[in-house]
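Each chain, letter by letter, is given below.
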Amino acid sequence: MEFLTKVNIGDFRLAEELPDVKYYDIAIVEGTAITKEQLRRLKIVRKKSKILVALGACACVGGPQEIKDYRGNKNQLMRMIYPNIRGIDNPNVKSVKELVKVDLEIPGCPINKEEFFRIINELIGGKKPIIEQKPVCEECIRKNKMCFLLLGKPCLGSITLAGCGALCPANNFPCDGCRGPRKGINLEAMKKALKYKAHLCEDEIEMIMERFGEKNEYIKASKKI
Amino acid sequence: MKIRIDHIAKIEGHASFTADIIRGDVKGARIKIEDGARLFEGILRGRKDEELPEIASRICGVCPVVHNLTGYKALEKAYGIQPDETSITLRKLMMLGQLINSHSLHLFFFSLADFFGYKSDLQLVNAYPEKTHDAVKIRDIGNRIVEAIGGRSVHPITPVLGGFRKTPDILKLKELLTDCKKTMPLVLKLGDLFTQLKYPAFHRETTLVSLIHPNEYAIYDGRVKAGKLIFEPKEFLLLVKEFQRVDNVVKKTKFAGNTYMVGALARLHNNFEKLNPEARKFLEKSDLKFPRYNPFYNILAQSIELIHCFEESITLLELLITGEIKISEPKILSRTGDGVGAIEAPRGVLFYDVRARDGIIQDLNIITPTAQNLANLEADLEEFEHIEGFNGLKKEERIDRIKMLIRAYDPCVTCSVH
Chain E
1 MEFLTKVNIG
11 DFRLAEELPD
21 VKYYDIAIVE
31 GTAITKEQLR
41 RLKIVRKKSK
51 ILVALGACAC
61 VGGPQEIKDY
71 RGNKNQLMRM
81 IYPNIRGIDN
91 PNVKSVKELV
101 KVDLEIPGCP
111 INKEEFFRII
121 NELIGGKKPI
131 IEQKPVCEEC
141 IRKNKMCFLL
151 LGKPCLGSIT
161 LAGCGALCPA
171 NNFPCDGCRG
181 PRKGINLEAM
191 KKALKYKAHL
201 CEDEIEMIME
211 RFGEKNEYIK
221 ASKKI
Chain L
1 MKIRIDHIAK
11 IEGHASFTAD
21 IIRGDVKGAR
31 IKIEDGARLF
41 EGILRGRKDE
51 ELPEIASRIC
61 GVCPVVHNLT
71 GYKALEKAYG
81 IQPDETSITL
91 RKLMMLGQLI
101 NSHSLHLFFF
111 SLADFFGYKS
121 DLQLVNAYPE
131 KTHDAVKIRD
141 IGNRIVEAIG
151 GRSVHPITPV
161 LGGFRKTPDI
171 LKLKELLTDC
181 KKTMPLVLKL
191 GDLFTQLKYP
201 AFHRETTLVS
211 LIHPNEYAIY
221 DGRVKAGKLI
231 FEPKEFLLLV
241 KEFQRVDNVV
251 KKTKFAGNTY
261 MVGALARLHN
271 NFEKLNPEAR
281 KFLEKSDLKF
291 PRYNPFYNIL
301 AQSIELIHCF
311 EESITLLELL
321 ITGEIKISEP
331 KILSRTGDGV
341 GAIEAPRGVL
351 FYDVRARDGI
361 IQDLNIITPT
371 AQNLANLEAD
381 LEEFEHIEGF
391 NGLKKEERID
401 RIKMLIRAYD
411 PCVTCSVH
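Line order of the protein sequences matches chains E and L. Letter 147 of the first sequence, counting from 1, is numbered 147 in this note's numbering, and no numbers are missing. Letter 381 of the second sequence, counting from 1, is numbered 381 in this note's numbering, and no numbers are missing.
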């Protein structure tokens, strides 16, 4: 509520039904553009905005809906669900930065509320916010002896960008990488660890990696190594 | 006259509306869903069973708890697993947190502006700063309940097949109990506000469908009551037919060939005798008498449920604090089978119908409350001209009334396309 006194909300259809404004200082985009109309709107919002922020795992890395792109024929998948598939858009799922220029990403599913407000407040204050590139393991209370990976559980903490406070491992849930990979990861080492420590087969490893989408430059950079 | 609403604001997700008004009659009322198909039912096939609730939770950021828990319930049904009583109490409490969170959002931030003619919540916030603060506080309790039990307020991480991975911190529960009691007067004040509102007149008989339970106001578990008939969830689904029009990304439903309504009004209609005392008092004080086939009263029903949920949360928190929180490791003998999980999501009964073999999902069908309500909502909109004085309204006012009716259903478009 206090936050609302600092900003003018331009277009927030969840809370109001007024027409759009002419331009935005900061536009925050959630989700992935799947329909042609969503893509059209995304491009308009980009044109109208000084700073465009991609918010959440779907916008940053493609989200779980991207899984369909790795699971064989995606139209066949659609036919299993809908009797009439005509007129339903079924493009490859793209993260926002693959479609328009993105100035900043706030990752996570869910996002970290504190991080969100810190970043937006810094943007309003004219600073360039930074999310420190370190692994979830650094924030994890289970590190060393209780490490999930050492216990044979598939945990992606070591390749995942920190900033969530390592809530999942603290709640006895291995990191599933919702914040996307951090800079400078060694993907092959991660895969090996999953294979030998967690005893997973290659297909299982692929499925874990694709959970929140692979559309990330750090994954691509790592693959080149 | 053609009525077209490109975007219906203040609902979760994106939808538009078109209809013709011919000599005062509304014809061809259509809600078009503008969200993209994400194919959750498809992408989960071939994946491990435990991933189902975790990934399905991502269908919606407003009601992740219900997607998560219904996923687990369906799998537990399929595998014949019975979670222990503490786990069930914890899940129920998490459900109450979800309902408090969602109802307070819809009541105050989505619905109320319609009664005062505001176009934006920011106007509402400026006009009623104190009430806004109350609503935020009430909603915050819901979030904190989910967070204390689920590990975080959105997309819970602690539930697991047959129970929980981690029990909540007892100190947090004690704090929550104190704050629930402290917030109760604000909830009653909000309840007063909603019992005093004047709800538009409307009548179209339909079937009200919800879970029922012999011992409690059914939220987490029960059988399905549809009109006068009672079914096991699986039997009920046999009589539900999904249909989808070309160009539409949502599969709407009919029960035995007819449209039906789910949600707070249907729950209250089928369960009002099981309400907690304060909520019961509010119901008796209000002008809501059953049967009432007027979807505008869904809003009042939510406000009565909000009171019930607070009372119930206090009861369950006391139970957890005085008792011993002990969770037993569930025995999973087989990971093959099929099962239907049903839960009362904030917007109505939610079904997960799953088939798994050796721990791998073979087939999955998710039927969300909004997908079930859409056909009924369209049928209501076609009857709209029978509303007292509708023909005398100007086009703008008619559009406002139509939007108000749509919002009264509290549709979650995001969930309906999954």
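None of these hints come from the bench; they were simulated from the model. Please note that the accuracy of each hint is not assured.
Unchecked claim - Derived lysine-lysine pairs resembling DSSO-like cross-links, with alpha carbons at most 30 Å apart: (1) K92(L) with K153(E); (2) K331(L) with K197(E); (3) K192(E) with K48(L); (4) K22(E) with K326(L); (5) K195(E) with K331(L); (6) K195(E) with K32(L); (7) K32(L) with K197(E); (8) K47(E) with K181(L); (9) K134(E) with K74(E); (10) K97(E) with K32(L); (11) K172(L) with K113(E); (12) K220(E) with K228(L); (13) K27(L) with K113(E); (14) K331(L) with K145(E); (15) K189(L) with K113(E); (16) K166(L) with K145(E); (17) K134(E) with K326(L); (18) K119(L) with K43(E); (19) K166(L) with K153(E); (20) K166(L) with K191(E); (21) K32(L) with K166(L); (22) K166(L) with K113(E); (23) K113(E) with K181(L); (24) K36(E) with K27(L); (25) K145(E) with K326(L); (26) K74(E) with K119(L); (27) K331(L) with K113(E); (28) K113(E) with K2(L); (29) K119(L) with K50(E); (30) K48(L) with K191(E); (31) K181(L) with K36(E); (32) K172(L) with K36(E); (33) K166(L) with K195(E); (34) K166(L) with K143(E); (35) K153(E) with K172(L); (36) K153(E) with K189(L).
Verification of the supplied hints:
no.: 1; hint: K92(L) with K153(E); result: 29 Å, holds
no.: 2; hint: K331(L) with K197(E); result: 25 Å, holds
no.: 3; hint: K192(E) with K48(L); result: 21 Å, holds
no.: 4; hint: K22(E) with K326(L); result: 57 Å, violated
no.: 5; hint: K195(E) with K331(L); result: 27 Å, holds
no.: 6; hint: K195(E) with K32(L); result: 46 Å, violated
no.: 7; hint: K32(L) with K197(E); result: 49 Å, violated
no.: 8; hint: K47(E) with K181(L); result: 49 Å, violated
no.: 9; hint: K134(E) with K74(E); result: 35 Å, violated
no.: 10; hint: K97(E) with K32(L); result: 28 Å, holds
no.: 11; hint: K172(L) with K113(E); result: 20 Å, holds
no.: 12; hint: K220(E) with K228(L); result: 59 Å, violated
no.: 13; hint: K27(L) with K113(E); result: 45 Å, violated
no.: 14; hint: K331(L) with K145(E); result: 27 Å, holds
no.: 15; hint: K189(L) with K113(E); result: 29 Å, holds
no.: 16; hint: K166(L) with K145(E); result: 19 Å, holds
no.: 17; hint: K134(E) with K326(L); result: 36 Å, violated
no.: 18; hint: K119(L) with K43(E); result: 26 Å, holds
no.: 19; hint: K166(L) with K153(E); result: 16 Å, holds
no.: 20; hint: K166(L) with K191(E); result: 28 Å, holds
no.: 21; hint: K32(L) with K166(L); result: 42 Å, violated
no.: 22; hint: K166(L) with K113(E); result: 23 Å, holds
no.: 23; hint: K113(E) with K181(L); result: 26 Å, holds
no.: 24; hint: K36(E) with K27(L); result: 28 Å, holds
no.: 25; hint: K145(E) with K326(L); result: 25 Å, holds
no.: 26; hint: K74(E) with K119(L); result: 41 Å, violated
no.: 27; hint: K331(L) with K113(E); result: 37 Å, violated
no.: 28; hint: K113(E) with K2(L); result: 43 Å, violated
no.: 29; hint: K119(L) with K50(E); result: 27 Å, holds
no.: 30; hint: K48(L) with K191(E); result: 18 Å, holds
no.: 31; hint: K181(L) with K36(E); result: 49 Å, violated
no.: 32; hint: K172(L) with K36(E); result: 46 Å, violated
no.: 33; hint: K166(L) with K195(E); result: 27 Å, holds
no.: 34; hint: K166(L) with K143(E); result: 18 Å, holds
no.: 35; hint: K153(E) with K172(L); result: 28 Å, holds
no.: 36; hint: K153(E) with K189(L); result: 49 Å, violated
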